[in-house]
Amino acid sequence: MADPFLIGDNMTGGYGRHGPDILHDCTISVEKGEIAVIVGPNGAGKSTGMKAVFGMLNLRQGAVRLDGEDITNLSPQARVYKGMGFVPQTHNIFGSMSVEENLEMGGFIRTDDISETIEQVYELFPILREKRNQAAGELSGGQRQQVAVGRALMTKPSVLMLDEPTAGVSPIVMDELFDRIIEVAKTGISILMVEQNARQALEIADKGYVLVQGRNAHTGTGKSLLADPEVRQSFLGG
Amino acid sequence: MTKDMRTPILFAVMALLFILEGTTSFWVFSGSWNTSLAILNMALISAIMALGVNLQWGYAGLFNVGIMGFVALGGLATVLISMPATPGAWTGGGFQIVFSLLLGAGTVAAAISLFKRMAPGRNRGIALFALLAIGFFLFRYVFDGGVEGVEAINPASTGNIGGLNPGGPDGYKDHGYMALIAWPVGGLLAAGAAWIVGKTALGLRSDYLAIATLGIAEIVLAVVKNEDWLARGVKNVIGLPRPVPYEVDLQNSAEFVAKAESWGADVTTASTIAVKLSYGLLFTAVLLVLLVLAQLSLKSPWGRMMRAIRDNEVAAQAMGKNVTKRHLQIFVLGSAICGLAGAMMTTLDGQLTPGSYQPLRFTFLIWVMVIVGGSGNNFGSVLGGLLIWFFWIKVEPIGNWLMQVVTFGMEDGSSLKAHLLNSAAHMRLFSMGIVLLLVLRFSPRGLIPEK
Amino acid sequence: MDFLNAIVALSNFVLIPAIAYGSQLAIGALGVTMIYGILRFSNFAHGDSMAFGAMITIFVTWWFQSMGVSISPLPTALLALPFGILGTALMVLATDRMVYRFYRQVKAKPIVFVMASLGVMFIMNGVVRFLIGPGEQRFADGARFIIKARDFKEMTGLREGLAFKTSQGITVITAILIVAFLFWFLNKTRTGKSMRAFSDNEDLALLSGINPERVVMVTWIIVASLITIAGVLYGLDKSFKPFTYFQLLLPIFASAIVGGLGNPLGAIAGGFVIAFSEVTITYAWKKVAVYLLPEALEPSGLAQLLSTDYKFAVSFVILIVVLLIKPTGLFKGQSV
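Line order of the protein sequences matches chains A, B and C.
Each residue of the first sequence is one higher than the one before, counting from 1314 in the working numbering.
Each residue of the second sequence is one higher than the one before, counting from 932 in the working numbering.
Each residue of the third sequence is one higher than the one before, counting from 886 in the working numbering.
No lab work stands behind these hints: they were computed from the structure.
Errors might be hidden in some of the hints.
[Said to hold, decoys possible] In silico lysine-lysine, DSSO-like type, Cα no more than 30 Å apart, as pairs: (1) K1126/C - K1033/C; (2) K1126/C - K1166/B; (3) K1196/C - K1156/B; (4) K1256/B - K1033/C; (5) K1047/B - K1217/C.
[As the list claims (entries may be wrong)] If you want a taste of the chain C side facing chain B, the calculated C-beta under 8 Å gives, among others: (6) A979; (7) V984; (8) A1001; (9) I1008; (10) V1012; (11) A1048; (12) F1049; (13) V1057; (14) I1058; (15) T1059; (16) I1061; (17) D1194; (18) Y1195; (19) L1215.
Heads up, the beta-carbon is just placed ideally off N, CA and C, and yes, glycines get one too.
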């Protein structure tokens, strides 16, 4: 079988050069245009797993490959140039700058005209067009997340990585955000995200990873995981 | 060289430098015990200041850029305690000044309680402004009258309120012990100022304390320079009493003369050396007491907690430690030690000369001492104090020597040569800056690192 | 008539000097705030770097003067200013390379940067005194006044004269130009926006591919320009003496903090708040009061709230009050 589009293969490692290992032989992958979701209990290494894929971790073993190319030794910045977009969980916008400026900064590394991409982001998130000149820090939680996702989309990434995009927003806003994420995936961008709200996230996921203590506990399609009695029992509250 | 030997060896080298200064006139050494002891005395005082600053920086990571201000407050205390009261000054306006200061303090207190009690809004602003304005004018009215009264008294030699020395203007020099009392009072004054600054600036970003202390130092100095009623301002107070004998008295004492002659020493030289030695012993005693206390505190639970806070403020806070309060404590303590040292220095000088207080000399030099010696280590800062003071004195001769070497080939009278020779004095600032940066970069733990 | 006289006296002794001084402080505080926003420390070498910039400009001015180059009635120093900026920019970039960059790489605590800046201050201090000496230097030339007090009196027939110094005019015009340019740069250009982004959220800026070293370099160049301009304007308006530049540090810091550290708009507002407070509190109001109050109420003294020796106390007290009540400053600054 050919490699998935993006794969973090058998990753083992932790923060810092001498930090303890947090991930153990963990594998996470996503195909083109699909949504992959990482779920699991608190402290399972969900975010760590994703950060490992993005190069924010020291890997002792394993590799990260994007479209067949080994990018294990690249810095996060270099991975952005390779087409990976990352939305951190917190501090993911430039609060003192306007929405439009946030998007401009998102496209900072591009040398071509970015106005078209800005237009696409506005089409995806119409509310942002309305608030384009407002300081991003003054927006509501859900709108801020839209800015954050929009910023990451500005580089026209092939993979978008989201660290708990729905943390701290209301259920309605959460549903809307998930709808948007599905739309993004439909444009051919792979989505890899970590989610606290496991059930809802698995519902939209093509692929799901349940991590426990830094190890792959269950892997499967979103639907199969939702149907798996063991997963239901342990992580989805029955 | 093992770690344990490092400290004694470095101190031995330091001792050797002072002995060389006393015995040989090779290179930049003067070969005079008088100079050697004079340098040593100031070096001891500097070491005490460094000890105080190390308490703040080494233990708690607080950056105090206003050491000069606290030192000057110590100097002020020497005048206010060890000098005699100027006859008529208290009745002529002194009480009025004190009353006006109370009025001022009362106004500020009233303003604070008003601020706390009234609801925020325009009314509070107006009320506050009115209160402060009325209070200020009242204060100035009473204060100016008092100042005028005090400063009118024999302005050529006094014109200030004087101090608490019971000996009176003629016999105050017999009460030399008053100088010793002034030292802790200097510490108290400095502690008071430090409390005000610490209360406002601690708990905020670390830069703010630095800026606030820079400010308080400027203001303390402005007060000491301009409030003539207090300590004669830039007209200086001279003839401060001493806790040690006077050279003249020694020369007139048959006993001392006999002793000096029995050693085959010149009586004048012997008397000056004896005086410097007694100062040196006094200062050493103070330094040792403080050093022992500092060492004890460092090893106590209190000291461990301080360092824990310094190394990880967030964790310490999470463990329920009131970081700001601890910081205030140590900031006040460290400043008090600087004030004490300042009082000792003024006593040694025998005069208070506000014009001579320079931030470069009294703030930044002390910093170099602490950093070079080893922040966090008390022995380190004492060593730094001794060493850097020695160099501070010797940088100029070394600079001159360097400039002589550099300009050796130039013809006499060339303007470049003259300029270079004249500029040797500025080498001090330059070289101290270089030393600070080099140590900070390449040996941030200093000569005697923290354990 | 008396009322007009009072207004003229007020303008002459309070408003005009305070506006000029406020502009100088504002430009200085802009530099402090930019360094704080991007490099995240309070630069204690700021005052002495101002002296350095002014010194280079003075040397070039003297050179021009000796060659007879002049742009009279404007002071020659304006012509020398670009050279001063260039020299200062090279100096601060070298300092950054040799001193600060290392601490950025090891991610040192801000206070270590502050301490390093103290070392730089020492060196700058020594260099300036070594090269130009500790004394006062005169380098202003050209017309001294735009309006002379005597001409104004003859023109208006008022008892009070209004003097408007060339240096004051230049200060205000330069300040407006600089501020306009800086805001255009920060808000409209890509580089300027990337600096704001970096100041706002360093990690996200890195994720967006903004090169930190480039941001830092541009910042230092802008700061060098601000420093030199502020130093030269202050020197033209008052006089050049190395020690006064060290003393300017307190009012400049106070301006930046009062406005909100890291906020350029705040730095400007702060500069004027400090300047106006300082001038009004240390001004002898008798001159104005004699025109406004009936004779019986005329103040017998100078009606001066504080002697000018305490002008630094004004900055300090304002600083303390702001720290106590609103540590983020009038305009929202970066952090507490």
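Hints, one by one, checked against the model:
| no. | hint | verdict |
| --- | --- | --- |
| 1 | K1126/C - K1033/C | holds (26 Å) |
| 2 | K1126/C - K1166/B | holds (24 Å) |
| 3 | K1196/C - K1156/B | holds (14 Å) |
| 4 | K1256/B - K1033/C | violated (57 Å) |
| 5 | K1047/B - K1217/C | holds (23 Å) |
| 6 | A979 | violated (13 Å) |
| 7 | V984 | holds (6 Å) |
| 8 | A1001 | holds (6 Å) |
| 9 | I1008 | holds (4 Å) |
| 10 | V1012 | holds (7 Å) |
| 11 | A1048 | violated (28 Å) |
| 12 | F1049 | violated (31 Å) |
| 13 | V1057 | violated (27 Å) |
| 14 | I1058 | violated (31 Å) |
| 15 | T1059 | violated (27 Å) |
| 16 | I1061 | violated (28 Å) |
| 17 | D1194 | holds (4 Å) |
| 18 | Y1195 | holds (6 Å) |
| 19 | L1215 | violated (15 Å) |
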